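Q: The lines below spell out each chain.
Protein chains: 2
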Amino acid sequence: MNAAAIVNVSLGERSYSIQVGSGLLGAPASYQALPRGSGAVIVTNQTVGSLYAKRLGSALENIYPKLDIVEIADGEAFKTWPTLQRIFDGLVAAQADRSTTVIALGGGVIGDLAGFAAACYMRGVGYVQVPTTLLAQVDSSVGGKTGINHSAGKNLIGAFHQPLAVVADVDVLETLPQRELVAGLAEVIKYGAVADDAFLAWIEATLPALLARDKPALVQAVTRSCHIKASIVGADEREAGRRAILNFGHTFAHAIETGTGHGTWLHGEAVGCGMAMAADLSVRLGLIEPAHARRIAALVGAAGLPLRAPDLGTKTYLDLMRLDKKAAAGALRFVVLEAPGRAAVRTVDPALVAATIAQFDGAGTRGSV
Amino acid sequence: MNAAAIVNVSLGERSYSIQVGSGLLGAPASYQALPRGSGAVIVTNQTVGSLYAKRLGSALENIYPKLDIVEIADGEAFKTWPTLQRIFDGLVAAQADRSTTVIALGGGVIGDLAGFAAACYMRGVGYVQVPTTLLAQVDSSVGGKTGINHSAGKNLIGAFHQPLAVVADVDVLETLPQRELVAGLAEVIKYGAVADDAFLAWIEATLPALLARDKPALVQAVTRSCHIKASIVGADEREAGRRAILNFGHTFAHAIETGTGHGTWLHGEAVGCGMAMAADLSVRLGLIEPAHARRIAALVGAAGLPLRAPDLGTKTYLDLMRLDKKAAAGALRFVVLEAPGRAAVRTVDPALVAATIAQFDGAGTRGSV
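These protein sequence lines are chains A and B, in that order.
One rule links them: number in my numbering = place in the first sequence (from 1) + 3.
One rule links them: number in my numbering = place in the second sequence (from 1) + 3.
None of these hints come from the bench; they were simulated from the model.
Among the clues, some could well be false.
What the hints assert, rightly or not - 30 Å max Cα-Cα, derived DSS-like pairs, lysine-lysine:
| hint | chain 1 | residue 1 | chain 2 | residue 2 |
| --- | --- | --- | --- | --- |
| 1 | B | K57 | B | K218 |
| 2 | B | K218 | A | K318 |
| 3 | A | K69 | A | K57 |
| 4 | B | K69 | A | K69 |
| 5 | B | K57 | B | K69 |
| 6 | A | K57 | A | K218 |
Computed from a predicted structure; not experimentally measured.
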């Protein structure tokens with residue numbers, strides 16, 4: 004197992020690379036290849052900023068001619084227009100121009116907000132992701148999806164905007180609350196489930212080391228996750244087809260997050276439960292054996308992720324899922340498993356979806372999942 | 004002279020065509036080639052909507068499976084986030100999905116807002132421009148620039164998002180206030196000034212017919228303007244280089260618009276005055292003869308555009324221009340004329356800019372311009 008790795012994301016003129024390893028965040032060498040322009044603006048929140056902004060700043064201050072910082076509120080509840088506006092105001096105050104680089108220092112919320120701000124400021128400036136959560140390292144820092152929430156749906160407003168580079172330093176995971184580490188593992192499990200059954204087996208075997216934050220194990224998990232995501236995104240940047248399989252568990256998850264109010268469940272927790280639900284749905288469609296769905300659910304549970312969905316009522320679930328970006332003309336579409344390590348998108352009969360919801364309903368009886 | 008024409012905008016997979024002519028807006032044939040998806044949402048304002056939404060709607064209703072309309076407030080002052088939010092809310096209410104097409108029916112403000120909403124809704128849906136002002140037909144409907152204003156600058160927040168098609172019907176110019184027709188001519192003059200001296204001479208000769216809204220003359224003016232813009236945008240979609248020459252007059256114009264409060268001057272009026280100022284600056288740089296600057300100013304004046312800049316004070320002008328998107332690291336950059344029909348971007352000594360401002364200052368003495 005490597006202690007450091009590079010993952011290349013091949014997207015033509017928008018290609019970039021992800022550095023994964025230990026000791027990267029504070030090392031000037033991690034940023035040497037970036038364009039200088041007129042300066043950089045670090046976007047972070049108070050929590051992450053107090054831990055890492057100084058270390059990052061000293062690595063950057065000799066690279067960029069000018070360095071500013073914009074601090075925004077912490078949490079999914081702030082992934083909204085007013086927060087975005089604060090970033091724009093901060094960029095204006097820093098006299099940012101088209102050659103300014105935005106540095107997103109934080110988790111997925113910071114990455115989505117700072118990336119979307121970079122996508123829109125002067126119709127697009129460059130940005131670098133320095134993800135500080137496991138979830139952001141394996142998911143939101145790869146693929147260029149940026150955006151904010153709308154009361155009608157998560158990430159309803161956004162842009163595809165690829166970063167110039169990603170610096171994923173596993174050292175920062177040391178300060179991550181356990182609940183967030185676990186939430187990040189949901190996406191790691193997802194890559195195994197939809198694209199690589201051998202990786203799924205590796206996660207099962209390595210779970211104790213991952214939960215104990217063993218660095219080589221984390222580097223391996225992040226690297227392999229990014230590899231899988233990069234190869235899928237490289238073939239389908241704008242999510243016209245295959246990229247959609249990365250939303251495994253996400254249709255249920257978005258309904259859970261919207262239905263309970265953004266921020267109540269962590270995204271990864273909702274994805275964990277959503278994956279178990281989507282695997283159950285795959286069994287109901289006759290696509291996979293019940294044993295494989297039980298294996299997914301068991302791994303989700305062993306990681307410490309929830310297996311019981313909130314009691315929103317079937318109608319609310321279905322209504323929320325019909326507004327999902329994957330929905331077309333009101334039909335219910337899900338990413339389902341076709342085999343271990345293989346997924347596809349299917350339109351599904353609402354009655355089957357309702358049966359899965361009943362199976363996982365926190366208020367109802369539970370099966371053997 | 005043609006009564007109808009097609010201009011192709013070549014941008015690889017983002018290529019599209021502009022139909023220019025008479026009787027296009029209400030003809031279903033104008034929209035036959037568009038993807039159907041799950042429906043269309045017309046975005047317009049009350050003024051334009053009351054005149055043309057019904058005619059457009061009857062052309063579209065047999066093409067799209069579902070047709071909705073979102074009406075927003077009229078005017079540059081509403082090119083802001085709250086208006087954009089109203090469009091998003093309208094798209095949500097119409098259950099718009101990724102296959103929905105947004106139809107922008109209106110002038111540049113509608114095009115910029117609806118285009119930016121389309122760029123961001125679900126990270127990007129298709130849109131069609133049906134421009135109803137001369138300015139929008141020759142300028143904002145070509146090239147994919149979309150966006151909203153920020154208190155610190157015009158179009159500071161936005162995206163490059165190419166339309167699926169543009170339908171430019173000169174019939175709608177019949178109801179355009181004369182002040183707006185004249186403002187549109189500023190951009191027509193610009194294309195001649197920066198790229199085609201023969202076109203500039205044609206505009207000089209045809210100005211009475213254009214001001215009288217002669218349809219073949221308007222079709223010719225729109226078509227040739229779009230051709231010039233399309234060829235420049237085709238070579239430089241993201242404005243990394245040559246496309247910047249289309250901002251001739253615009254650095255002064257943006258300062259005038261921001262300094263007087265958006266909506267006080269029409270954009271085209273500010274561009275008209277700004278072009279005379281930029282031509283004057285070109286003389287001060289020793290690039291063109293004074294006679295050519297006088298020719299530009301004379302055409303601007305003959306079209307009915309202002310030649311006297313508002314008295315903002317030199318410092319305010321310079322400060323506003325330093326925030327312009329073309330500025331790099333605080334330097335003042337301008338599109339200047341190098342010869343009749345040829346333009347370039349130059350960094351300019353603030354003292355020369357101040358001299359031009361003094362020359363055009365509404366409160367000061369005026370020269371022979």
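Q: Compare the structure with each hint and give your call.
A: A quick look at each hint next to the structure:
Restraint check: the Cα-Cα separation between K57/B and K218/B comes to about 23 Å, which is no more than 30 Å; the hinted pair holds. Taking the CA atoms of K218/B and K318/A, the gap is about 56 Å. The hint is violated against a cut of 30 Å. Among the hinted pairs, K69/A with K57/A is consistent with the structure: their alpha-carbon atoms are about 15 Å apart, no more than 30 Å. As the CA atoms of K69/B and K69/A are separated by approximately 51 Å, the hinted pair breaks the 30 Å bound.
Between K57/B and K69/B the alpha-carbon distance is near 15 Å, which keeps this suggested pair within the 30 Å criterion. A threshold of 30 Å between alpha carbons decides the hint, and for K57/A with K218/A the separation of about 23 Å falls inside it, so the pair holds.
Against the hints set out earlier in the document, violations occur for numbers 2, 4.
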